[in-house]
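Chemist: Sequence:
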Amino acid sequence: MQEDRRHPLENAALTPELVKRGKQQLESEIRILELWLLQLDETRKDNPESLAARKTYGDMLLSRKDLLSTLQKHG
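Heads up, the sequence shown is in the numbering used here, so the first residue is 130 and it goes up one at a time.
Hints listed in this document are in silico derivations from the structure and should not be mistaken for laboratory results.
Hints are not guaranteed to be accurate.
No more than 30 Å apart at the CA atoms, straight line, and that leaves these computed lysine-lysine pairs for BS3-like [as the list claims (entries may be wrong)]: (1) Lys-152 with Lys-184; (2) Lys-202 with Lys-152; (3) Lys-194 with Lys-149; (4) Lys-174 with Lys-194.
All chains should be modelled from the sequences, with the hints used to inform the complete structure.
Modeler: And the structure:
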């Protein structure tokens, strides 16, 4: 029988230590992404590569913040 992976948080045991480590990891990634975005602000605004990187890093930042918010609800 195949395991249902659509809702992993519902099937996983989130120990306080796991939640703590997850929060620390996400907070670290958020700081790095914010730094990268600040550094990109110093580049030319019409550079296609910089624009693409801003979009990608911005999306990644939002995703990490959403994940962190979810973890904060668990502990």
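Chemist: Sort out whether Lys-152 lies within 30 Å of Lys-202, counting only the CA atoms.
Modeler: holds (11 Å)
Chemist: If you draw a straight line from the CA of Lys-152 to the CA of Lys-184, is it 30 Å or shorter?
Modeler: Satisfied, since the Cα-Cα distance of roughly 24 Å is no more than 30 Å.
Chemist: Next pair to validate is Lys-174 with Lys-194; report whether the Cα-Cα distance is within 30 Å.
Modeler: Distance of about 25 Å is within 30 Å: holds.
Chemist: For the pair we were handed, Lys-194 and Lys-149, check the Cα-Cα distance against 30 Å.
Modeler: Distance ~15 Å between Lys-194 and Lys-149 Cα, so the pair holds.
Hint violations for this structure: none, all hints satisfied.
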